[in-house]
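Sequence lines, in order, name chains C and G. So for the first sequence, my numbering puts the first residue at 1; every next one is plus one. So for the second sequence, my numbering puts the first residue at 1; every next one is plus one.
Please note that a few of the clues may not be correct.
Result set (DSS-like, lysine-lysine): computed pairs, CA atoms no more than 25 Å apart in a straight line [said to hold, decoys possible]:
(1) C:K4 - G:K275
(2) G:K127 - C:K332
(3) C:K40 - C:K79
Where chain C lies over chain G, by a calculated footprint (3+ residues, C-beta under 8 Å) [unchecked claim]:
(4) 41-51
(5) 60-71
(6) 95-109
(7) 135-147
No lab work stands behind these hints: they were computed from the structure. Cβ atoms here follow ideal geometry from the backbone N, Cα and C, with glycine treated the same way.
Letter by letter, the chains look like this.
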Amino acid sequence: MTVKEIFESMEYGPAPESAAEALAWIADRGGIAGPYIGGKWGPLRDDFASSNPATGERLAGVTKTTADEVKAAVAAARKAQPKWAGQSGHARARVLYALARLMQKNARLLAVMESLDNGKPIRESRDIDIPLAIRHFYYHAGMAQLMGDELPDRAPLGVCGQIIPWNFPLLMLAWKIAPAIAMGNTVVLKPAEYTPMTAMVFAELCSEAGVPAGVVNIVTGDGETGAALVDADVDKIAFTGSTSVGRAIRNATAGRHIPLTLELGGKSPYIVFDDADIDSAIEGLVDAIWFNQGQVCCAGSRLLVQEGIADAFHEKLRARMATLRVGDPLDKSIDIGAVVDPVQLQTITSMVDANTEGETYHAPGPLPANGCYYPPTLITGLSSASTLMQEEIFGPVLASTTFRTPIEAVQIANNTRYGLAATVWTENVNLALDISPKLAAGVVWVNATNLFDAAAGFGGVRESGYGREGGWEGLMAYTKPAQAAAPAKPIAPTTGTGGPVDAVDRTGKLYIGGKQARPDSGYSRNVYGPKGALLGQAPEGNRKDVRNAVEAAAATKWRTTTGHARAQILYFVGENLAAREAEFAKRINAMTGKRSGAAEVEAAVQALFTAAAWADKLDGAAKPVPMRGVALAMREAVGTIGIVTGDELPLLGLVAPSAAALAMGNSVVATASYPYPLAALDFVQVLETSDVPAGVFNILTGDPAALSQTLAEHMNVDALWSFAPHNLGAGVEAASAGNLKRTWIDEGTHAWGGKEIRAALDQATEIKTIWVPYGEGYGGGGVY
Amino acid sequence: MPDTIATTAPTASHLPTAVEPRNPGMELDLDWALGIQANTSAIERRAATLPGRRSVKKAYQAAWLAKAVTMIDLTTLSGDDTEGRVQRLCAKARQPVRPDLLEALDLPQLTTGAVCVYHDMVPAAVKALEGSGIPVAAVSTGFPAGLSPLHLRLEEIRESVEAGAKEIDIVISRRHVLTRNWQALYDETRAMREACGDAHMKTILATGELNTLRNVAHASMICMMAGADFIKTSTGKESVNATLPVSLVMIRAIRDYHARTGHRVGYKPAGGISKAKDAVTYLALIKEELGTRWLQPDLYRFGASSLLGDIERQLEHYVTGAYSAGYRHPMG
């Protein structure tokens, strides 16, 4: 085209970024992406190809790291870990700082490599992925520097196995490696099968940055390599990827009690109220669902528009879609690049083709003749029942429905198994701040979308996984308490032949929904003292009692009460327990045969006071993210928590963790100490006289193995804590995979002092990050 | 045809041959105008990422810059303006880029979009531009503050039109926006449009003094309802002139107005656009948000004085491959 012709047409023309340097980098290194173990490359084999999805051309051969090679990588990491952890935080900070600097100095190589390998537009890799990855290393260099002063009670986990997806290869690598090595862990990371290339560049930068051999190990390969890493002798698995693989990892690691971080799928709602800045909300959708071809776990893929503006909104949206430019990812004026692989393209295509509901609009812009491209797509007129409103498509496809009121918007938004992110558009600050806490999501963006920063936690609730990445909260996933508790010993119930000790029969019942309930089974178990005296009977709770208790727990409004109100009730429980101290002490002593009853009651009262004290004091945070706005880290109750009480402290072991859970707004279904169940049954009377709302605190007695299994399987239980030393963990952890509930298995001894209760508060809460950019007015001085 | 004018100029071959009906205005519709929201942060994000999303290179860049030249309202608005100064400026408007460069680009007839002067300089400008087809634009209505008596402001328009100005850049009463006196804003602008007669009215919002993007959105829409042919950001005398976020708000209002009424209103950012790269970014913004039709001088202008110099240097670089120097290009 001549200048004169372009002068008339005013077209953009090509604006290509050169691939030459990146391709030369690959060629110079033999054209194979393979394992980097103990600071050395190899063995390098050409087991399968990594291709450029924009062209289908082969980029490099990839080595499928074998299980034995993965073991070698873990061994290298294991060997390097003590020395790395033993270095000063400052020494580690220097290494992370060097990594950040080197990534900056190689930013264009990394960006081009990422776009070649993944198909994402160079604009995104250059302006978003790579800068965020660099920021992550800067930020965590600081965390390494501060660890000694700020986290004196925390220690590294050891060797971390990390498995990352193909949608943000380098960024996810940074999210995984930076916090891990900052805290003194060593890592074995497996990049995705489709996208190993930037990890290769990164490995080379590790050598240049002075990362000691074995601290960062990278194993290329496919799902089998990943499975081998999960099976290897690692102290932690961090995984980002699909919910199905996340569930498989939960199953595979069940019983090992290694901490997991799972960042899984999503079907995140994008809610537009009728008072929103419509044009900006539409532009936001470009960043929500047409960012990275929609292959984003937190993509705003479910559009919820208020009914009155829906038609106008959709019309404007279609007009906007028509100007999106799909094409060569290395063109600087391209909005949407290539889908990562033909397999993914086929998945997207068949999901959309299978849909028969609503109205499908494909953006009319031209698609390249070859390569993996899918047009921006909007499907309107769907409902919550539609498959495409429920299933993650992981492509540039937006499914849309309408709502009438804010309450209905929340109902539709939360009508999903997922809970990763949510976007809210409204100019009404009351509405925005009212709705954000109500959305089931780990991240909420107000009048913006897909904002990320190293200082702000990212992660999901429900089946979108658990754990947070970024911020101080992200460090919890890569550290453990510096002092480990001694394992607790199981206590067998005693048997006996003696007569009843009570002059009048006492009948303890299950406590479900604020009422004393006979067990569904109709059975009770005799409870004997250590010398054989018959102390009483404990009901044999069964799965139906669990069902009833969970139903009652889920129905409460406890989580919406104020911290002050919860504190008052917990104090009152403490007051009423203290008033009956002698009776409880006597009961405990009768069961245990010890004289520790009085001290235990005293500790339980203290635990109630400690939890009550925290109820209105566990602050959230305003994160210093690099923008004009606030990123609020709000502590939210996890939901319904099942608590399996340990054996040895029949009252304190029940009361302390439960009080921590209740203080944060959770509802509790607790099982009593198996050998010593009667104190829990007596405690029901204390609850009944202490204004505890019905259903907030439910107490069951019975076989902890059976009860914990039912609790772990229950889809409406959000977390399960087990302190019973009965090897329940494996079953509980495996069963928890169903709805990916959070598990806390701690079979150590407990004293439930202040620090332990404080630690329980972290388990009792999830951090929700609410991003609120703000601004009004310009010019005329002031900070702008 | 009182409500349409041909934008085709006899010698300026770059101007579009299409005839765009003038915006006749409409009844004041406050529900619509005030219902528009403008979220500052979101608008700023869009504006900040746009330069990274669109890029034009090589021949495309040269063509876009040549197009930008045709959109420049070459402007002098100084207290020390004289007829001689205006004549020099007009000569530059006729030959904005060195002939050898225009030959190389195969765009020999290129001129700027207009010359913009104070009322007293209109006769000199009209004379200097005679036969060129380049319109003279006059700033009017007590420019830049717009605080002289309304009847004098209206009379000033009429006198400028009488003197040969084809385009009148009026300033709105900012106080009407700041005090939410929308009816007064509408009535006044409407009266000015009537005073303009066949001359096109560019409505300067003085966005730097409106302070919020919401005000900009509402004022933009009300001025279009009052019959503005163009909406324009600034007088160049406010402390904040044209910005991308303000532009985004104004052109989105133009888009909405077109969607509802079918009338295309032009856009003119003024002040602070001095680099060729910035000009390309503005044109990309227009292309993205309004469409390619707006990339013609009948619907888009730059109010700029130093932009042309940078474009000239970039065009020479395109033609010769070597970076240029300012003194190689005739001053205006």
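Verification of the hints:
no.: 1; hint: C:K4 - G:K275; result: 22 Å, holds
no.: 2; hint: G:K127 - C:K332; result: 46 Å, violated
no.: 3; hint: C:K40 - C:K79; result: 15 Å, holds
no.: 4; hint: 41-51; result: holds (count 7)
no.: 5; hint: 60-71; result: holds (count 6)
no.: 6; hint: 95-109; result: holds (count 3)
no.: 7; hint: 135-147; result: violated (count 0)
Violation of the numbered hints given earlier is confined to hints 2, 7; the remaining hints are satisfied by the structure.
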